[in-house]
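*Asks:* Below, each chain spelled out in residue letters.
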Amino acid sequence: DTAVSQTPKYLVTQMGNDKSIKCEQNLGHDTMYWYKQDSKKFLKIMFSYNNKELIINETVPNRFSPKSPDKAHLNLHINSLELGDSAVYFCASSQAGVSSTDTQYFGPGTRLTVL
Amino acid sequence: KNQVEQSPQSLIILEGKNCTLQCNYTVSPFSNLRWYKQDTGRGPVSLTIMTFSENTKSNGRYTATLDADTKQSSLHITASQLSDSASYICVVANNDMRFGAGTRLTVKP
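Chains A and B supply the protein sequences, listed in that same order. For the first sequence, counting from 1, position 101 maps to 101 in this note's numbering; every step adds exactly one. For the second sequence, counting from 1, position 88 maps to 88 in this note's numbering; every step adds exactly one.
Among the clues, some could well be false.
[As the list claims (entries may be wrong)] In silico SDA-like links for lysine to any residue, alpha-carbon gap of 25 angstroms or less:
id : chain 1 : residue 1 : chain 2 : residue 2
1  : A       : LYS19     : A       : ALA3
2  : A       : LYS44     : B       : PHE52
3  : A       : LYS41     : B       : ASN24
4  : A       : LYS41     : B       : VAL45
What the hints contain is simulated information worked out from the structure, not anything from laboratory work.
Starting from the given sequences, assemble the full structure and let the hints guide the process.
*Replies:* What follows is the structure, given as structure tokens:
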């Protein structure tokens, strides 16, 4: 059973479009995250949600909006896609937040390409 | 300048050899320091997590050390295997997470 799953795995779209990436975890964790990994493989946290409440919101453009219908899901919606949004996006989950020593489990990633 | 610096950027070793990866950070204070392994095309996998009061943590052939005074951490890999070829990422966490750029390790037969 996949602990943290993301769909789609690949997403190719035109500039200006709106797209969503879905994430689900079956670990019963209270905290979920979205990360962006750029072309230089540098990871950066975007959002952290704990029990459907936003905890961390790094300096991310407001074109990016996380939506958490329940604590097992954290979807990422992106409006007006730009070329610079091309990256691999990872979802992750853990029981407690980043200041705890709880292990984070990452999904397989979604490679977004904006043309 | 990144608050978490890793060295070397890349490393090639022969199977069976040991190696040590370095992580220097300026994040202060911090709650914990983590090491992740990321295979190509996959999500990171947690190797070790240390609080600021811990000096060492092992996970099989992986041993992480932490010196909070000098703000340095290292990841030592013993008896390397071909499957150890991956990127190793150091992360310092407080209320958020600061990632190093990673060290790309290649283990050759």
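*Asks:* Next step is simple, just say for each hint if it's right about the structure.
*Replies:* Evaluation of the provided hints:
Distance restraint check for LYS19 of chain A and ALA3 of chain A: the Cα-Cα separation of roughly 24 angstroms lies within the 25 angstroms cut-off, and the hinted pair is therefore satisfied. Using a Cα cut-off of 25 angstroms, the hinted pair LYS44 of chain A and PHE52 of chain B holds, with the two alpha carbons roughly 22 angstroms apart. As the CA atoms of LYS41 of chain A and ASN24 of chain B are separated by approximately 19 angstroms, the hinted pair is consistent with the 25 angstroms bound. Of the supplied pair hints, the one linking LYS41 of chain A and VAL45 of chain B holds, its CA atoms being roughly 15 angstroms apart against a limit of 25 angstroms.
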